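Chains as they are written, first to last, in the working numbering: chain C, 1 to 303; chain D, 1001 to 1209; chain L, 2001 to 2539; chain X, 3001 to 3103.
Derived from the structure by calculation, the hints contain no laboratory data.
Treat each hint with caution, since some may be false.
[What the hints assert, rightly or not] Here are some of the chain L residues that sit facing chain X, going by a computed Cβ distance under 7 angstroms:
#: 1; residue: Tyr2296
#: 2; residue: Met2308
#: 3; residue: Ser2309
[Stated by the list, open to error] Distance condition first, Cα-Cα at most 25 angstroms in a straight line; then the derived PhoX-like pairs of lysine-lysine:
#: 4; chain 1: L; residue 1: Lys2490; chain 2: L; residue 2: Lys2538
#: 5; chain 1: C; residue 1: Lys152; chain 2: D; residue 2: Lys1137
#: 6; chain 1: C; residue 1: Lys214; chain 2: L; residue 2: Lys2066
#: 7; chain 1: C; residue 1: Lys240; chain 2: C; residue 2: Lys214
#: 8; chain 1: X; residue 1: Lys3075; chain 2: D; residue 2: Lys1179
#: 9; chain 1: C; residue 1: Lys122; chain 2: C; residue 2: Lys163
#: 10; chain 1: C; residue 1: Lys57; chain 2: L; residue 2: Lys2340
#: 11; chain 1: D; residue 1: Lys1180; chain 2: X; residue 2: Lys3072
#: 12; chain 1: D; residue 1: Lys1179; chain 2: D; residue 2: Lys1089
#: 13; chain 1: C; residue 1: Lys277; chain 2: L; residue 2: Lys2066
#: 14; chain 1: C; residue 1: Lys43; chain 2: L; residue 2: Lys2419
#: 15; chain 1: C; residue 1: Lys303; chain 2: C; residue 2: Lys235
#: 16; chain 1: C; residue 1: Lys43; chain 2: L; residue 2: Lys2534
#: 17; chain 1: D; residue 1: Lys1137; chain 2: C; residue 2: Lys277
#: 18; chain 1: L; residue 1: Lys2538; chain 2: L; residue 2: Lys2414
#: 19; chain 1: C; residue 1: Lys57; chain 2: L; residue 2: Lys2192
#: 20; chain 1: L; residue 1: Lys2340; chain 2: C; residue 2: Lys43
#: 21; chain 1: X; residue 1: Lys3075; chain 2: L; residue 2: Lys2192
#: 22; chain 1: C; residue 1: Lys57; chain 2: L; residue 2: Lys2282
#: 23; chain 1: C; residue 1: Lys265; chain 2: C; residue 2: Lys228
#: 24; chain 1: L; residue 1: Lys2538; chain 2: C; residue 2: Lys43
#: 25; chain 1: D; residue 1: Lys1089; chain 2: X; residue 2: Lys3075
#: 26; chain 1: X; residue 1: Lys3076; chain 2: D; residue 2: Lys1179
#: 27; chain 1: X; residue 1: Lys3076; chain 2: L; residue 2: Lys2192
#: 28; chain 1: D; residue 1: Lys1022; chain 2: X; residue 2: Lys3072
#: 29; chain 1: C; residue 1: Lys152; chain 2: C; residue 2: Lys265
#: 30; chain 1: C; residue 1: Lys82; chain 2: C; residue 2: Lys122
#: 31; chain 1: D; residue 1: Lys1180; chain 2: X; residue 2: Lys3076
#: 32; chain 1: L; residue 1: Lys2066; chain 2: C; residue 2: Lys228
#: 33; chain 1: X; residue 1: Lys3072; chain 2: D; residue 2: Lys1089
[Stated by the list, open to error] If you want the ones that stay clear, here's a sample from chain L, every Cβ over 10 angstroms from chain D, calculated:
#: 34; residue: Phe2190
#: 35; residue: Ala2290
#: 36; residue: Leu2478
Owing to the predicted nature of the structure, the values given are computational and were not obtained by experimental measurement.
Backbone N, C-alpha and C fix where the C-beta goes; we use that ideal spot for every residue, glycine too.
Spelled out, the chains give:
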Amino acid sequence: MRTSASTFAQGVDFSLYVIAGISIFFLIGITIVMLFFVFRYNKKRNPVASNIEGSHKLEIIWTAVPTLLVMVMFYYGWMGYKPLRTVPAGALEVTAYGQMWKFSFEYPDGRLTDSLVVPIGKPVKINLVSRDVLHSLFIPAFRMKEDMVPGKNNFLWFEATEKGRFDILCAEYCGQLHSYMLSSVTVLDEAGYNQWLATASSISEEHPGLTLLKQNACLTCHSQDGSKIIGPSFKGVFGKTEIVESEGVEREIVIDEAYISRSIKQPNADVVKGYLKGLMVSYEAVLSDEQISQITDYIKTLK
Amino acid sequence: MEHAHGLHLPNSGHNRDDEASKMGMWLFLFTELLLFGGLFIVYMVYRMLNHEAFLLSSFELNVWLGTINTVVLLVSSMTIAMSITAIQKGNSAQSIRLLMTTVGLSLLFLVIKYFEWSSKIHHGLFPGMDYYNNLPKGEALFFFLYFMMTGLHALHIIIGGILIGVVAYRTKKGEVTSKKYTLTENAGLYWHLVDLIWIYLFPLFYLIH
Amino acid sequence: MTAVSTHLNFFQTKKGIFSWIFSVDHKRIALLYFYSLITFFLVGVTLGLLMRYELLNPGKDLVEAKTYNQIFTMHGVIMIFLFIIPSIPAVFGNFFLPIMLGTDDVSFPRLNLLSWWIYVIGALMALSTLLFGDGPADTGWTFYAPYSVKTGTNVTMSVLAAFVIGFSSILTGLNFIVTIHRLRTPGMTFLKMPLFAWSLYATSWIQLLATPIIGITLLMIVAERVLGVGLFDPSIGGDPILYQHLFWIYSHPAVYIMALPAFGVISEMLPTFSQRTIFGYKAIAFSSLAIAFVGYFIWGHHMFTSGMSGTARFVFSMLTFLVAIPTAIKVFNWVATLYKGSINVQPPLLYTLAFIFQFMIGGFTGLVLGALATDIHLHDTYFVVGHFHYVMFGGTGFAFFGALHYWYPKIWGKMYNIKVANVAFVIFFIGFNMLYFPMLIAGLMGMPRRYYDYLPEFHLPNMISTYGSWVLAVGLILMLSNLVAGLLKKNQNVGRNPWNGITLEWQTLSPPPLENFDRMPEIPLNGPYDFEHKPEIKD
Amino acid sequence: MKQNKDHSEEGTAHISSFRDHWSTLVTLLLLTIVTVVISVFGANLAALSVATALLIATVKVIVVAYYFMHLKYEKKIYTWLILLVVVLFAAFTILTALEYYNR
Ligand code: HEA
Ligand code: HEA
Ligand code: CUA
Ligand SMILES: [Cu+2]
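This is chain C alone, in the form it adopts within the complex:
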């Protein structure tokens, strides 16, 4: 039922079995004893109760035994966990960005992807960066999860042991489309991975502006077909006249290149009427001017 495809899976599952084993033993044992008492000392069978006030011996036993057992549980939990935070030297480093509601991954050579590709049998360290709110990168098959906290550098690492494609899910609630913030990790063998590395990253026929929109998750908030998601749709937006609120004052503007550029760099300076301030974060540090003009070019095509 559960795929285990990383070096941690065994340790984590083992501590699960230890804890679950002890627990199930006590659960079943106690339940049986309880039901037996109810049956055996039912008032029909045992009309007169005996008042037993307690027993020091028993109290000591059932304090000591659980203490011992929980310490065992703690120990295995800790042992299974320790490797999760010790990254071996020479790990391949990838930066993962989380933003509402899309993961993207940046490789050392600068390529940006929306799903992860890693070689088998090699440690991979993922630096976790959030651009807006909390997210959490969760790979069930690897038994691995760590939050992406804005303003704080966090990381996780793993070493895949099985080839294939595994789910990545966002496990920290991050707003409306949290449950659609999915991605995947593909584990390839050494040769396959190198081949993937060698293929040029953007040979697509796509408009470069569209690629940028996809890579930066703009499209999770802005549709291309006129429907309203979180932000205004890009369809027909260029050249449109609309009402924005700037520092509490409403004014009418015509959308041109400069306005789009400002909307991307300082989205909260002019807030479109009917939309919320603060949801879109600034992309000033993420997109260069050239990229912004590619985006603008693309938006112009959406009539």
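Since chain C is already given, all that's left is putting chains D, L and X with the ligands on it; use the hints.
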């Protein structure tokens, strides 16, 4: 009231029980302490993360005004403690005088605080103002905490002042006597708490040089 | 019989709505709480049902993603702040604590009324978010920053509501502590108090000392939203992790606010239905204090994946395991109480047994979550959802309904149909486990919580779970209608002590008179559960 | 238990004299002066100055609680309860700091 007929239990919840009121007051003070406690934790953490900025910003505060206010509060703590002594001895007139002195001192405290705040606000340091919004992050946090903590404290001063006024009024009406002065005691406890909190606020904001 | 006719019970002393909503009688206030709680419970439970319906199949079944998010937030807020935290203390604690101590009211009757009013105002504030702006908050009941400071829904109002309700909780706790210290009947030392009183004592300390922290934290969220300061939002300087610390400093102890009173009623029902003294009175009493105390120091186990430092994770995980020990002591003593008893199987006992079983599952899954390795995998998955429904609903919820069946004849002086109650219990029990056990499986498979939509591989457990929720609904409706039907019966006399109980509430009339007792209560010779020297109770 | 009647005159309450109050105030003022002097003129003490300031503040708080708040003459239970609150709060700060120190 509702309990007119029927069995009267010796330990009724409707009996007068001064010890219970005092205990209730103490427990209430505990919750107040922890309310401020939460803010102190925030202060501690942000100070750890923004050490320099906190140092720098504290220079903006006026140590002398802070010191004067400390003295004012300490004196007011004494006067209210004395008013309890006075009422215990049956001297209501003196007790009222001391209570009113305390109220006067609390007003003095607020006036000084007002001048402090308005000079800060004048500089645009209040959260949400332009100047504030452009401060470096650490300094902005400092001033936010400054306003939040001293503001909450000032709110307590106001409530305390009103409470003490009520006590004075009821003493005057003869409802508080040398046989029945829990109200004065509880107002005193509350007032001392306000003092206690200030004793920590003062070095944390004004004296980190 | 004659005694009954000469004494007016507390229902009869005064009439009219104002005699209720402005009453300072602890019994009436308890019932005010009861009616308001049950109302909110039904709202919350209906929201739960809606969520389950949405999750029956992958994709959209009923509502939009945003609505779903608002539903689970509302569900969580209602269930936690409006139902489960006040549940047992405010209803049964208010009603029975003074009676069990042999007094006629709490120490501060007017403060008690004020607590209820604050609770109602807070609840109305929470519900008012439905009516204006962008609707109820969509943040989850945890209000994690920075999302909670960014979203456009009515977070400010929801947070203020939680803040206000917090005060109601603080005041109730304060009242109980003073009552226990000051109003015990002559001869009732601390160690002769019923265990329910002990558990309320421990609970009250948590309410008093933990709630202010969340109060101030929530105020900071409000300040951040209104003034735009960067307290928790890193893009303007703050640290979101700090919010989590402050939130859980309260909210972890809060889970023991929910659990301890339940432990208390369980410790009452077991001796009554076994007709013997409780096993290990002191162990049970002091373990409540131990749980309350240790419970303050383990909040970090909710943050194992937040990027906390390794040292902190180590310490918090270890401390987490320590709370299991006093809980274990309780469970073993309870089971030992059945030994050589003379067991009378009645609906309250069934709820008690189910409580022990389900609370064990909840507790053990808690241990799985407390271990670092496994929590990394299971954090924020349905395993956690399964865990907390097992402890909160399967534990405290079942104890609440058990207590309701137990004290029902005392409160209303009537009796429900026992056979129907047993049938309802069985359906309830089956539905419950069918609803929540599959969640544990889904969690192990890796299904994250707060998911509006899920991958196809999680379909089966979700389907079973949804069907389970329907079974549970049938059980609940049957149980409640049986209880209501009991109230409609006329001219019943259940006597003072239908279950042959021993604590002081059974010595008085059912329903009790306004001043609680019609004669001076008598306490058993050696401790509260000394069935051998049980004072004779004549009708 | 001793709650058999109204509790207005339970025990004989201790009455502090005005002189006691004056000397308490003088102590507190002296301590205040010390703190201010240290921090304003002893800037080179750096981190130490915060520590001393807080230490002195704690002494002041104890004085206020003990004399002004009458703790000295109350039942011992109040002192224990206050200690409980202090321990809890200390634990909160220490456990939180544990995280931030090791960042
Ligand atoms: C009534 C409420 C209640 C109670 C009593 C508990 C009890 C416990 N809880 Fe739970 N918990 C919640 C309510 C509760 N919890 C809620 C609401 C959440 C989620 C919040 C959110 O994120 O929304 C949560 C989440 C939660 C987490 C975080 C999970 C995550 O998000 O990653 C953890 C982790 O450690 C945890 C642990 C525990 C433990 C160890 C106990 C222990 O106290 C359990 C102790 C009991 C037993 C161990 C069983 C009885 C003992 C025996 C039968 C004896 C034999 C025992 C041994 C041999 C050891 N809980
Ligand atoms: C005591 C607390 C409590 C209780 C009793 C419940 C009860 C239920 N909860 Fe619970 N739940 C929480 C507390 C509780 N919940 C909390 C704190 C959360 C976390 C929220 C968050 O993530 O922020 C949560 C989250 C939560 C989720 C996860 C949401 C998600 O992560 O996406 C789900 C999903 O199925 C769920 C389902 C249910 C169901 C089906 C019930 C069932 O009990 C409902 C069964 C239904 C009935 C028994 C209905 C019968 C009654 C009627 C039909 C009444 C008829 C109506 C009238 C007469 C008016 N809950
Ligand atoms: Cu991103 Cu949830
Ligand atoms: Cu917890």
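Worksheet item: Does the structure break any of the earlier hints, and which numbers would those be?
Response: none
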